[in-house]
Each structure stands twice: as C-alpha cells, then as structure tokens.
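Trainee: What follows is the residue order along each chain.
There are 2 protein chains.
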Amino acid sequence: MAQKPSIPKGTRDFSPVEMSRRNYIFDTIRSVFRLYGFRQIETPSMEQMSTLMGKYGEEGDKLLFRIQNSGEKAKEAPEKGLRYDLTVPFARYVVQHREELQFPFRRYQIQPVWRADRPQKGRYREFYQCDADVVGTDSLTSEVELIEIVEEVYRRFGIHVSLHINNRKILAGIAQTIGEPDKIIDITTAIDKLDKIGIEKVNEELLERGLSETAVNRLQPILRLSGSNEDKLQAIAEVLKESETGMQGVAEVKEILRLYNSNKEQRDNNSFIVELDLTLARGLNYYTGAIFEVKALDVAMGSITGGGRYDNLTGIFGMPGVSGVGISFGADRIYDVLAELNLYPDTLSDTTQLLFATFGKQEMEYAMRWALVMRQAGINTEVYPDPTKMKKQMSYADANHIPFVAIVGSTEMENNTVMLKEMLTGEQQPLTITELKNKLTNPQ
Amino acid sequence: MAQKPSIPKGTRDFSPVEMSRRNYIFDTIRSVFRLYGFRQIETPSMEQMSTLMGKYGEEGDKLLFRIQNSGEKAKEAPEKGLRYDLTVPFARYVVQHREELQFPFRRYQIQPVWRADRPQKGRYREFYQCDADVVGTDSLTSEVELIEIVEEVYRRFGIHVSLHINNRKILAGIAQTIGEPDKIIDITTAIDKLDKIGIEKVNEELLERGLSETAVNRLQPILRLSGSNEDKLQAIAEVLKESETGMQGVAEVKEILRLYNSNKEQRDNNSFIVELDLTLARGLNYYTGAIFEVKALDVAMGSITGGGRYDNLTGIFGMPGVSGVGISFGADRIYDVLAELNLYPDTLSDTTQLLFATFGKQEMEYAMRWALVMRQAGINTEVYPDPTKMKKQMSYADANHIPFVAIVGSTEMENNTVMLKEMLTGEQQPLTITELKNKLTNPQ
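So the protein lines, in turn, are chains W and U. Mapping the first sequence onto our numbering, position 40 (from 1) lands on 44, and the numbers just tick up by one. Mapping the second sequence onto our numbering, position 402 (from 1) lands on 406, and the numbers just tick up by one.
Just so you know, the hints here were simulated from the structure itself, not pulled from any lab data. Possibly wrong hints are sitting among the right ones.
No copy labels: a pair is met if it fits in one copy or bridges any two.
[As the list claims (entries may be wrong)] Simulated pairs of lysine to aspartate or glutamate, EDC-like, Cα-Cα distance not exceeding 16 Å:
#  : residue 1 : residue 2
1  : LYS205    : GLU103
2  : LYS365    : GLU418
3  : LYS425    : ASP186
4  : LYS365    : ASP31
5  : LYS425    : GLU234
6  : LYS299    : ASP281
7  : LYS125    : ASP336
8  : LYS441    : GLU103
9  : LYS365    : GLU259
10 : LYS425    : ASP31
11 : LYS245    : ASP336
12 : LYS200    : ASP186
13 : LYS13     : GLU83
14 : LYS66     : ASP199
15 : LYS8      : GLU103
16 : LYS13     : GLU248
17 : LYS299    : ASP199
18 : LYS365    : ASP142
19 : LYS441    : ASP190
20 : LYS268    : ASP402
21 : LYS8      : GLU104
22 : LYS258    : ASP302
23 : LYS236    : ASP281
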C-alpha cells in the first residue's frame with residue numbers, strides 16, 4: 005500500500021466533532037458582534053507582498069508565506085503572500101474602498117491567517133482570528149462597547165475572565181517622567197515581563213537596555229502599584245502630573261471605566277473583572293491609546309483576547325487621520341480553555357437527531373418517505389443506506405451521537421408506525437408519523 | 005499621497021452587503037446538508053504538493069498555487085500548494101483518518117479553493133465550494149438524497165432549476181456499442197458540446213477525433229433521443245441491450261428515478277425538473293456511476309451544481325474499494341443568479357435593527373444604557389458614537405439600511421422615553437423602554 009498521506013506541519017484537519025465546537029465558538033462571537041452592530045467583511049487570502057511587507061517588523065516579514073504562480077519562474081520573487089493577520093488587510097480595505105464606506109465603519113472579520121512560525125503546542129501555521137474594529141471615530145464609547153462585547157462573549161461561554169486595560173499614553177508619560185522619553189519601547193518590553201520573571205529581573209533588564217539607575221529607581225513605585233483601579237489611577241496621576249500626555253492617558257482610562265461602570269447593575273455579572281494594569285504593554289508598534297488584554301481566571305493560558313486603539317493604522321496606505329479601536333478573539337485558545345474547563349454544551353445544534361434503521365429494502369423505502377416528512381419539520385434526519393445487520397446500524401448511531409433511532413421492520417410497516425428507541429435510556433415505543441414528529445420537535 | 009493599495013488580480017474583497025448575501029447562501033446550503041445528516045469537516049488551505057500533483061490532469065497541475073516558506077530558498081521547489089478543490093483533500097482526509105471514521109461517512113465542507121486560472125468575468129482565483137459527499141456505501145439511496153438536497157436548496161432560494169442526470173456506465177456502453185470502446189473520452193468530450201455547437205459540429209469533431217463514419221452514424225439516434233425520461237430509457241435500453249455495463253447504467257438510472265419519484269407527492273414542488281440527459285458527460289476522470297448537473301431555468305448561466313459517483317477516489321491514496329457519491333454547489337454562480345433574478349430576501353438577518361441618535365453627551369450615555377437592555381433582548385443595536393449633527397446620524401442609518409432610529413434629546417430624557425422613527429415610513433412616536441423592546445422583538 006502507498007504511504008499514508010499527511011498534511012503540512014503546523015496545519016490541522018478538523019473532524020465533525022471539532023467543527024461543531026469551533027462553530028459554537030464562531031457563532032457565539034459572531035452573534036455578539038452583530039448585537040453591537042458590527043458588519044462582516046472578508047478579504048482575499050492572498051495580498052500583494054507590498055501590502056504585507058514591513059508591517060509586522062523584521063521578524064514578521066520572515067514569517068510571511070509567499071505564493072508562487074505556476075507562470076512565475078522559481079527564481080522570481082513571488083509578488084503575493086498569505087494574510088498574516090486581519091488588521092493590515094482591513095486597513096488596506098478601508099483605504100481602497102473609502103468612497104463606498106460610511107464612517108464610523110464597524111466591521112467584523114472571521115478568517116484564517118498564516119504564519120511560517122515554528123509549530124509547537126498551541127501554535128499553528130494556519131489559525132483563525134475573530135476581529136471587530138470601529139474606525140472613523142475617537143469616541144471612547146467604542147472602547148466601552150468592546151469591553152461589553154468581551155464581557156458578553158465570555159458570559160455566554162461560561163468562562164470567568166479578567167480584562168486588563170492600560171493606555172499607551174500613560175506608558176509614554178512614565179517614560180517622560182523618569183527622564184527616558186526615547187526608551188519607551190525598552191521600558192515597556194521589560195515591564196511586560198513582570199508577571200513572568202519578577203521585579204528583580206525586570207530591573208536588571210532595564211539597566212541592560214541602557215536606562216540610568218535614577219530612572220529605574222523612579223520606576224519602582226509604578227511597578228509596585230496595587231489596590232483598586234481608583235487607587236492606582238490616583239497614584240499614577242500623582243506621578244504623571246507633569247506629563248501632559250500621561251495625564252491624558254489617565255483621563256481616558258478614567259472616562260472608559262466611568263462609562264463602563266455606569267451600567268454595571270444592568271449587567272449583573274460577577275464573573276468579569278476589569279483591571280487597570282500599568283504593566284500591560286502589547287502592540288506598541290501601532291496602539292496609541294487604550295490597550296486591552298483578556299485572561300481566563302480558572303486555567304493557565306496566555307492572553308485569549310486583545311486589542312487597543314490606533315490613531316493612524318490607515319496612514320501606512322496613505323490615508324492619515326482615521327482613528328480606530330479593535331479587539332481580536334483567539335479562537336484556538338478559547339477552544340482549549342472550553343475543553344479544559346469542560347464547558348461545551350452537551351448538544352451542539354448541528355448533529356443528526358434521528359436515524360432510521362431498517363430490516364429490508366422495502367422498509368428502507370418506507371423510511372425514506374418518513375424521513376422526508378421529518379426533514380420538512382426541520383428535524384436533522386438520516387436513513388441508514390443499507391438494510392444491513394441491525395447491530396451495525398445501531399453502532400453507527402452510537403458512534404455519531406444520534407439520540408433517536410426509528411426502527412422499521414415488517415410489523416411497523418403493517419401498523420404504519422416505527423419503533424422509536426431513545427439511545428440514552430434504551431427505552432422503546434411504537435409511534436405514528438405524527439407522534440414521531442411531535443416527539444422530536446418538542447423534546448422535553 | 006501613496007498609491008492606492010490593491011489586491012491580487014482574480015481575488016475579491018466582500019463588503020458587508022455582499023457578505024450578508026453570501027452568508028444567506030452558505031447558511032441555506034448548510035442547513036439543508038445538516039437536515040440530511042451531513043457533518044462538517046475542514047481541511048488545511050495548504051496540502052503537500054504530492055497530495056495535489058497529478059490529480060487534476062496536466063492542465064490542473066499548472067493551475068496549482070505553490071507556497072514558499074520564508075526558510076526555503078527561491079530555487080527550491082515549494083513542497084506545499086493551495087487546495088485546488090475540496091474533493092482530493094477529502095479523499096486524503098478519509099484515508100488519513102480512516103481509523104477514527106465510522107462508515108458510511110457523510111461529510112460536508114464549505115471552504116475556499118484556489119486556481120491560477122486567467123481571471124475573467126465570473127472566474128476567480130479564489131472562490132468557495134460547498135460540497136457534500138457520502139463515502140463507504142454504494143446504495144443508490146445516496147444519489148436520491150443528493151437529488152432531494154438539490155431540490156430543497158433551490159426551493160429555498162426560489163430558483164427554478166433542472167437537474168440533468170446521466171450515468172458513466174451508459175456512456176461506456178454507448179462507446180462499446182458503436183464499436184469504439186477506447187474512445188469514450190473523445191466521444192463524451194465531443195457530445196458534451198451538443199448544446200453549444202449543434203449536432204453537425206459535434207459529428208465533425210467526432211470524425212476529427214478518429215471515430216469511424218460507421219461509429220458516428222450509429223451514434224446519431226442516441227444524440228437525437230428525446231421525449232420523457234421513460235421514453236429515453238426505453239430507447240437507450242434497446243440500443244445498449246448487448247452491453248452489460250450499459251444495461252447496468254440504465255438500471256441504476258431507473259432505480260434512482262423510481263425511488264425519487266415515489267415521494268413526489270410529499271414534496272409538492274413543480275418548479276424542479278429531473279431530466280435524463282444522455283449527452284451529459286462531466287468529470288469523467290473519476291466518476292464511475294451517476295453524473296449530475298444543475299442549471300437555472302430562468303437565467304443563462306452555466307452549471308450551478310454538479311456531482312456524481314466515484315468508485316475509487318481514495319484509491320489514489322492507497323485505500324481501494326471505497327465507493328462514494330457527492331455534490332458541489334457553486335456559491336459564486338448562485339450569487340449571480342439570485343442577484344439577476346432579484347431573489348434575495350428583503351431583510352437579511354445580520355443587519356442592525358436599531359440606532360440610537362442623540363443630541364448631546366448626556367443623551368449618549370442614556371442611550372448606552374437603553375442599548376444594553378435592547379441587546380439583552382436580542383436586538384442588534386448601535387449607539388452613534390458622537391452626538392454630532394442629527395442629519396449626519398440619520399444619513400448613517402440610511403446608508404446602513406437600519407430600519408429604526410431612536411432619537412434622544414433632553415425632552416426624551418426627562419420623560420424617560422425615546423422618539424422612535426421608522427425610517428421606511430418616516431413615522432415618529434415616543435416610546436418607553438418596555439414599549440421599544442416589545443415593538444422591536446415583535447415586529448408586525
């Protein structure tokens with residue numbers, strides 16, 4: 005026999021069970037996006053290399069998959085590459101279609117992206133992102149809505165999470181205040197690791213990155229800030245009072261939290277925490293205002309959702325002055341969290357509800373007629389395609405988690421009934437076609 | 005300003021309006037697939053080149069997009085390519101996962117495929133296929149179910165179609181009977197063009213392809229067959245009576261039509277025609293039994309759905325003896341047919357139902373609270389993010405086809421109401437929060 009076929013490393017097949025779980029995740033996120041008025045777009049899997057290059061740093065450029073036409077010679081540089089994320093194609097979309105768009109433009113997009121990363125546990129070369137962005141307004145109500153979306157998505161999943169919020173302007177203010185305004189990237193890269201490596205190592209790294217001892221000393225009270233969001237805001241406002249940018253960041257965070265908290269009662273949800281985290285420093289290449297990151301509370305997993313505000317994303321394509329804010333859900337990590345916490349619903353909507361199992365060819369034709377009636381009533385129905393051994397038909401139902409089997413033999417045909425077997429309990433009862441339809445459209 | 009960005013030729017962006025129409029198509033097809041117990045799988049966008057090469061003929065090999073890793077040198081031949089269709093990856097999936105699968109295995113798959121074809125009207129380099137296949141049984145009930153699926157999908161779309169059916173064994177029988185058993189591909193390639201070029205040109209082509217005049221003469225009665233399916237079956241059975249293969253094909257078509265027609269009353273659908281078409285000859289590289297093709301009756305468009313039975317698809321990956329039958333819906337052509345016949349539903353489910361338009365910052369906060377309540381009731385709701393000119397907010401609602409706008413000014417805040425404007429009629433009325441919720445959850 006030929007060698008068993010395989011798929012490229014870092015890619016995956018998804019089985020029917022995996023697909024119904026993935027669809028549960030996508031459908032949940034999608035319906036909350038829609039609830040907030042986001043509209044779906046899709047962009048091509050391939051973009052011009054000129055659209056992609058230089059947008060993800062040197063590291064990112066190396067991780068782009070390039071596409072070669074059959075017509076192109078191998079030595080020619082491919083002109084096209086696979087999408088690396090949904091954000092850059094979205095910026096390209098906004099600029100390209102600006103005349104057709106009505107701003108503010110609220111779009112969501114759920115599509116795969118590709119990265120030629122070294123595959124490892126939980127890291128794939130093809131994976132889905134679920135993004136929602138509002139562009140064309142700098143109103144902080146958008147940030148508040150994105151927080152509400154995160155809360156509602158995880159409430160529906162039953163995952164307890166905390167949303168960490170920070171602001172790029174606060175980070176800039178800190179760099180100014182400690183006298184190292186040009187070292188903001190070094191500072192944030194180092195303090196981003198606080199959780200993982202602890203304060204001593206962070207301080208070492210800051211010195212290695214060329215910060216003065218004075219600057220590192222001045223940073224200490226900020227790294228050690230604790231207490232409620234209000235306590236932290238008060239403390240940081242005191243530290244940053246000389247920095248206009250820093251104070252603007254503080255004001256933005258305050259306003260977002262005020263607006264968000266003003267509707268707390270209506271939400272009545274105690275399993276969602278919004279926490280100001282002054283050490284949060286993601287996506288600094290493009291974020292200019294709020295920064296978000298979401299972590300599951302009951303399971304050790306990295307960030308499962310993240311986002312922030314960018315004031316000039318479309319500027320790279322020649323359209324300056326369009327402020328936007330967005331959020332991205334990581335479907336693969338959410339998949340793992342739901343599995344680890346055993347939170348998938350028992351019945352996912354897309355499974356077959358009823359299988360007809362038959363003792364002969366005549367019975368099979370009888371079953372096909374009944375099946376048509378069941379399908380017209382909206383019941384997902386199969387007829388086992390061969391009147392083979394009943395045991396085999398039953399184990400097919402078992403393996404596919406089909407809850408009901410309608411058995412048809414000569415007696416049932418004579419009586420114009422089927423023998424309905426409930427697979428979970430093993431109970432059997434003869435039913436007419438109307439009784440069967442009612443039983444399955446109104447399950448108790 | 006920089007040059008306006010663009011996308012690779014033959015690819016497309018999909019706007020929100022296009023996406024909601026596409027989703028309508030995918031959702032309709034998907035729900036009928038589910039109704040018949042098909043289960044979704046997904047395979048990676050990229051496959052090993054060894055999986056793809058040689059499966060689509062020489063022409064097909066040339067149309068494969070190849071993928072280059074960043075790590076690979078340009079002169080190295082890429083090992084991976086983008087999926088060209090869903091059938092070969094499905095065959096690879098079945099062989100690779102055979103131990104986990106329960107046969108008969110019914111799968112559906114809705115994913116994009118890529119072909120480096122020359123782009124032209126209606127032909128793209130990235131497009132979606134919607135496939136359903138049953139593998140692991142040779143029962144003709146599967147063919148009948150696929151016909152029912154085609155009927156139900158187009159009934160839901162409101163498109164009148166005719167499904168043409170033929171059988172590869174009949175075509176083989178014809179080639180045998182006219183004394184040219186080895187020329188079946190030549191014969192079918194030529195007669196496949198009957199509709200387009202007429203019988204004279206078909207005869208010329210047959211002679212050019214090396215058929216004897218005697219053979220071409222013997223073929224004439226078959227090309228000119230007409231009448232009901234029963235008439236044609238009777239006539240062709242007479243012609244093929246010496247060919248065992250041919251008569252088996254006739255018997256299969258008869259049985260499929262008999263089973264399908266036995267439930268005709270229950271379906272009560274006069275806008276769907278099943279027609280035996282002895283000149284239908286698609287996909288002969290792999291089809292071995294039934295062949296299907298579907299055409300819209302009220303609009304000139306090529307085949308919008310096609311399929312057939314293949315007895316040895318997984319054989320190419322070393323797993324012989326697995327018979328299967330499948331069908332593939334062409335989403336892009338269906339999109340164009342629905343547009344041309346103006347058959348899209350007026351309201352597609354994913355649009356925003358309600359926009360809050362406000363006269364000031366206070367009113368906007370008031371609206372955000374109301375919006376939360378509406379969303380909790382399942383109403384897709386937006387709050388315009390800036391209390392800008394009312395005219396601008398109204399034209400946003402217009403442009404985005406939002407049917408209801410709730411206007412909030414100081415009077416409304418005092419009275420604990422909103423002024424609801426119905427955009428279609430222009431009618432306005434003040435409503436309390438409960439009245440608004442009821443109005444939008446139970447639209448007349």
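Trainee: So, for every hint listed, does it hold in this structure?
Mentor: A quick look at each hint next to the structure:
1. For a Cα distance limit of 16 Å, the shortest separation of LYS205 from GLU103 qualifies neither inside one copy, at 51 Å, nor across copies, at 50 Å.
2. With identical chains, the CA atoms of LYS365 and GLU418 are at most 16 Å apart within one copy only, with a shortest distance of 15 Å there and 73 Å across copies.
3. In this assembly of identical chains, the alpha carbons of LYS425 and ASP186 never lie at most 16 Å apart, being 72 Å within a copy and 53 Å across copies at closest.
4. Taking the closest pair of Cα atoms, LYS365 and ASP31 never come within 16 Å of each other, the shortest separation being 40 Å inside a single copy and 33 Å across copies.
5. With identical chains, the CA atoms of LYS425 and GLU234 are never at most 16 Å apart, being 60 Å at best within one copy and 40 Å at best between copies.
6. For the homomeric pair LYS299 and ASP281, the shortest alpha-carbon distance inside one copy (12 Å) is at most 16 Å, but the shortest distance between copies (60 Å) is not.
7. In this homomeric assembly, LYS125 and ASP336 come within 16 Å of each other (Cα to Cα) only inside a single copy, at 11 Å, whereas the closest approach across copies is 37 Å.
8. In this assembly of identical chains, LYS441 and GLU103 lie within 16 Å of each other by CA distance neither inside one copy nor across copies; the values are 52 Å within and 35 Å between.
9. With identical chains, the CA atoms of LYS365 and GLU259 are at most 16 Å apart between copies only, with a shortest distance of 12 Å across copies and 71 Å within one.
10. Within a single copy, LYS425 and ASP31 get their C-alpha atoms no closer than 31 Å, and across copies no closer than 31 Å, so neither meets the 16 Å cut-off.
11. With identical chains, the CA atoms of LYS245 and ASP336 are never at most 16 Å apart, being 42 Å at best within one copy and 59 Å at best between copies.
12. In the homo-oligomer, the alpha carbons of LYS200 and ASP186 never lie at most 16 Å apart, since the shortest distance is 25 Å inside one protomer and 71 Å across protomers.
13. Proximity of LYS13 and GLU83 under a CA criterion of 16 Å is satisfied inter-copy only: 11 Å between copies versus 24 Å inside one chain copy.
14. In this homomeric assembly, LYS66 and ASP199 never come within 16 Å of each other (Cα to Cα): the closest approach is 29 Å inside a single copy and 52 Å across copies.
15. For a Cα distance limit of 16 Å, the shortest separation of LYS8 from GLU103 across copies, 12 Å, qualifies, whereas the shortest one inside one copy, 52 Å, does not.
16. When the C-alpha separation of LYS13 and GLU248 is checked against a cutoff of 16 Å, the pair qualifies neither within a copy, at 50 Å, nor between copies, at 48 Å.
17. For a Cα distance limit of 16 Å, the shortest separation of LYS299 from ASP199 inside one copy, 13 Å, qualifies, whereas the shortest one across copies, 62 Å, does not.
18. Taking the closest pair of Cα atoms, LYS365 and ASP142 come within 16 Å of each other only across two copies (14 Å); inside a single copy the shortest separation is 68 Å, beyond that limit.
19. For a Cα distance limit of 16 Å, the shortest separation of LYS441 from ASP190 qualifies neither inside one copy, at 66 Å, nor across copies, at 51 Å.
20. In this assembly of identical chains, LYS268 and ASP402 lie within 16 Å of each other by CA distance neither inside one copy nor across copies; the values are 46 Å within and 32 Å between.
21. In the homo-oligomer, the alpha carbons of LYS8 and GLU104 lie at most 16 Å apart only across protomers (14 Å), although the nearest pairing inside one protomer, at 50 Å, exceeds that limit.
22. In the homo-oligomer, the alpha carbons of LYS258 and ASP302 never lie at most 16 Å apart, since the shortest distance is 28 Å inside one protomer and 61 Å across protomers.
23. In the homo-oligomer, the alpha carbons of LYS236 and ASP281 lie at most 16 Å apart inside one protomer (9 Å), although the nearest pairing across protomers, at 77 Å, exceeds that limit.
Hints 1, 3, 4, 5, 8, 10, 11, 12, 14, 16, 19, 20 and 22, counting from the list given before, are not met by this structure.
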